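*Asks:* Starting from the known structure of chain A, fit chain B onto it as the hints suggest.
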Amino acid sequence: MRRSRRTAPDDPELRAQVVAEDDVLWIGIRHFSPACAVLARDAILQARPAAVLVEGPDDATDLIAHLVHPDTRPPVTVLSSYVDKRNAFGQNGVLSPAPGVPARYRGWWPLVPWSPEYQALRAGAEVGAELQFIDLPLRASIPLHHVAAGRPQRAVDDRQLQEGRYLDALAARWGAPDFDAFWQGAFEVQPRSVEALRRAILVFASCVRAVDTEPAALDADGTTAREAHMRWYVDRARKRHPDGVVAVVTGAFHSVALPFARPKRHPVRADRYTTTMLCAHSFRALDRLYALGRAPGHGHAVWARLAEGAERPWDDAALELLLGVMRAARGRGALASTADAVGAWRAAMALAELRRHAQVTRRDLCDAAELAYVKGTPEHAGQQIATALAEALTGHDVGEVTAEAGTVPLRAAYYADARTFRIDTTGARKNVRCDLHKVAKHRQRSAFLHRCAYLDLPMFDELDDRGWRETSGAYRGPDLVTGEGMHLITETWALRWTEAVDDRLLELSDLGPSVGSAAATALTDELVAAGQDVAATTRLLLRAVQMVLVELFDRALDAVDDAVARDSDFARLSGALSDFVLLFAYHDALATHDNARVAASLDAVYRRACLSIPSLAGAAEADVPELLDGLGALVRHAVTLPLPSGAALDLGLLIERLHALLELPDAHPAVRGAGLGVLYGLGEVSPNAIAGALSGVLRGTQRRGAGAFLDGLFRTGRNAFLVSDELRRVVDDALAELSWDDFRALLPDLRRAFARFIPSELDAIAAFVERGAARLPVATGGVSSELRRALRELDARVERVLAT
Amino acid sequence: MSEVIRLPAERRHATELAALAHHDHEPRPQGWALSPRAVEAFIVGGPALELEVDGAVQSVPITRKFYGHDALVQRAIVTLASDRGLLLIGEPGTAKSWLSEHLAAAVCGDSMLSVQGTAGLTEDQIRYAWNYALLLAEGPSLRALVPAPLYLGMNRGRIVRFEEITRAPHEVQDTLLSVLSDKWMAVPELPGDDGLVLAKPGFNIIATANTRDRGVNEMSSALKRRFNFVMVPPLRDLDEEMALVRSQVEELVGDSGASARLDDEILELLVTTFHEIRGGATTEGTLVDRGGATMSTAEAVSVGFHASLHASFFGSGAVEPRHLVHNLAGTAVKDSDDDRKVLRDYFDVAVKPRAAREQGAWAAYWAARDLLR
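Chains as they are written, first to last, in my numbering: chain A, 1 to 804; chain B, 1001 to 1373.
Rather than coming from a laboratory, the hints here were simulated on the basis of the structure. There could be a bad hint or two in this list.
Said to hold, decoys possible - What follows is a set of in silico ranges between Cβ atoms, one per label pair, in the way DEER data are often shown:
no., chain 1, residue 1, chain 2, residue 2, range
1, B, R1357, A, D11, 40 to 50 Å
2, B, P1233, A, D795, 55 to 65 Å
3, B, L1198, A, E308, 41 to 51 Å
4, B, E1138, A, A358, 56 to 66 Å
What the hints assert, rightly or not - If the Cβ cut is set under 10 Å, some of the chain A residues that face chain B in the computed set are:
no., residue
5, G343
6, A347
7, L354
8, R363
9, L371
10, T377
Keep in mind that this is a model prediction, so the values were computed, not measured. We put the CB at the ideal spot given by N, CA and C, even for glycine.
Excised from the complex, chain A in its bound form (with noise of 0.2 Å):
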């Protein structure tokens, strides 16, 4: 049965009567429509059509058997996902951290009992009919939306049903504000035939696509060649199935359009890169996911009364809804009381009536939960009410898959390790310890829980004895990351399984088969992504320890290596190889790898460290205090750490460099004190040239750096400045050449500078200097009522310029 290509007709009635009387049963739908999945549903049982074809993935036919079996229950997801890694779509390092890491493409298509696409499928099962879904697959629809929409993410949506001037014409002349609100009055309440709403739909549609779409526009987005692809279907079963009817059930905005749509296949070839699964889901990932899906509560309140045959099941369920909001807004403490939810349902029935709304849209619900249910102002009485009402319009239903479509491997061995560690997910709340040294099953534990924390699954809660200073959140123990909790010998956790834990083991489903791969392959891609920053990458080193990825220890390394190759940031170097130092703290208790691998990259990271010394005399002034903390624990671990092997870290190189940084002329003279400080506490230098840069700062055109340079040669020569009489006599002297006035501008550096000491290391400084100045007449013989004078005065005098 062969036909000529037909042409659509201009006018929107005339076409949607073509479409409505065409051989083919064109059942236009809205995603997520209650009327359309009765419509769907009942229109294939009434036909019992031969073949029954649904815009879904045409990959994922084949899971069409699972989705139907009676074990399982929305909702849903039909989740397809294609790593790139050979970059064939050119976003790598557009949509993924770098060029090296692949972009990751998803596409989502969630079915709940309610979607017209679920009902159609269930229903032409029960008629025997063959099903087919016959839209892209993914990969063919990437460059057309992920790459358009610049979103490695995509759900179905009905973005075009949805968009234009008609629909914003037909809104306001319904008084609707949006498209939604608009859908619910003109279509879902509505009584209607079966026949009568498939035809209303189709007039919608036509005059939608009348007026608003542009063949330009629908090229462009990929319209053109889904359409076709899926027009190639329906002529597939048209022949297949020449005595018996075919049924269509797309999205409206296409099902009027492929009557008249060029067939054509698009080719596509399957590839172990691509993934397609039929995965449990929950209200909560609907309602989070996809703005189609919003409100998943009420479409489940909605769906239970038409399923149970209710003449007003808007009505029912809305009413459901009220009560329910009233419940649990009297639990969270808010004033609700049974009046109040008949005062919700009347206003809702009346809100309903003044709209000519047919029964109650959720526009009408929302608006009467409102009214009668918030008494006072929004931001203090609407809270919660609005929290209220948003859990009981999402719920909380979560889906089920029938045992033989397997389930998503990430998703197994993550409840296989929870049952392993015992780890509760019931939702429970339960702390959980880890003594690191004792128990080896413990330190798994650990590593799985740091695991999950890392892939950010939500089954964490906050800790309570929050006095801890180490606590952080849901966890409290070493942290090597941060450095914090070092001391600690024992992990305590704070988790609560939540239904969320599911949905993102979903989302990261590609990663890998366990929650260890998935962990290795995130890590991997930070760091690539992290390419030359070394403390980037150390930091993932330290969390690859900590999460125990030893597969991921070497590569890690080497990415260290390579970073260290490359960075000559004096601050990112100094920070990584701090990063080092708590490696060896906490090798104790993860010896995991060779010693002596871990000390090579060390030696690279503290040799880079010195040779980037020098570019500190450029550093500028807000980066100088982190430079000079860098520069002291420099020093330190060069002075203290002890490596495996026995060998110490080059002391040599540090002060050669030290010394080229002290020749730079332009050097800060913070940085400049610094330098000094560090090499007179290793004896490299004697306190007279000290007194020699102070004195040449001093009697500079910079003077004001004087206080800097103090600052600097405290940070680093503290303990130098406090043991040696040398060395505070040269900048007591130094000082004591200073005139007033350009004492008292220094002072307030000055002030800054000794405040690195302690009360009772500045009175042994006062005291010394106190000494010093015994040499000088005045102080011979006493402190005169005279002088007691001038120093009140003086006093009051620097109080004074102080204040200024």
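*Replies:* What follows is chain B alone, placed relative to chain A:
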């Protein structure tokens, strides 16, 4: 020019109300003059309706009286048709009283049964008082009773408006408790049936409260339960606000007998200033200080009206930017230095760049900034 300064809404829009009633075939709640849909049309506007006036058929435009969310109006109407009172809350100057007046005019044709909440409000100003001469002469009787708005509203089945309810003392507020729940009021001084006022269908209360003053959160829980709260937010849409300010300024100028012309570009200066300061940011995204001044639409109307009078009496009749600035200083910022600083800062960060970029009215606006000091 009108003989009175301002007519109540039901008399100002008497023709519209008559036209709506004439064409209103929808069911009406008991005691209502119009159906809920006709009330909604009266408030938010609708297609023109034909009405025979003095033997001639004329087309009566149903104008929009309230600018804002239509859903808000629907919620208010639905509440009035229920057994609960309506409490309109929001910042000062968001047209709560305006909405209340027009709702009352449409629902029962009478917006005059109004009580103003003040700290000195007493129960007898709401319920009833006595003509003491008659009371002493004849004893308690209906003749000696002086009905207050609540008594009248219940007796006639009308809407009673309670402005700024939260400013009234708590014990006075609580007078409404039994009235709202039981729909009757006792007059214990009167014997027999006269001692009981049973509310007739159509009776309800519209209260207003602003969120800047003593808050609605301090109302007793018992009274809160008897009201449905409807929040009236400031206008977010600049075009809507311009339309509102224009219509109200023109109405006020017309009533005053003055003759002034407020061009679109001048009106835009005014409304943009209020809109942006209220929102804390300019359309270009520059953050501006909101300050404590009430930059409501009502204040914008006030500035527009005063600027028009200024232009009419002391100028050519065309409102100029300097008239706006002059009246901004006196009308919107009151006497607070902080408010004045907010405006001066706004001129520096928002008006100045526009003056440089667009010239025209914005440049004249900027040039007049010294009048703010």
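*Asks:* All the hints need checking, so say for each whether the structure fits it.
*Replies:* How the hints compare with the structure:
Against the hinted window of 40 to 50 Å, the Cβ-Cβ separation of B/R1357 and A/D11 comes to about 49 Å, which satisfies the hint. Separated by about 60 Å at the C-beta atoms, B/P1233 and A/D795 satisfy the suggested range of 55 to 65 Å. The given range of 41 to 51 Å is respected by B/L1198 and A/E308, whose C-beta atoms sit roughly 43 Å from each other. Range check, B/E1138 to A/A358: Cβ separation about 59 Å, and the 56 to 66 Å hint holds.
With a cut of 10 Å, the hint placing A/G343 at the interface with chain B holds, because the nearest CB-to-CB distance is about 6 Å. The restraint placing A/A347 at the interface with chain B holds, with a minimum CB-CB distance near 5 Å, inside the 10 Å limit. With 10 Å as the threshold, the beta carbon of A/L354 comes within range of chain B, its nearest partner Cβ sitting at about 5 Å, so the hint holds. Contact between A/R363 and chain B, as hinted, is supported at the beta carbon level, the nearest pair being about 8 Å apart and thus within 10 Å.
The criterion of a C-beta within 10 Å of any C-beta in chain B is met by A/L371, whose closest approach is roughly 5 Å, and the hint holds. Annotation: A/T377 was flagged as interfacial toward chain B, and the flag holds, the nearest CB pair being 5 Å apart, inside 10 Å.
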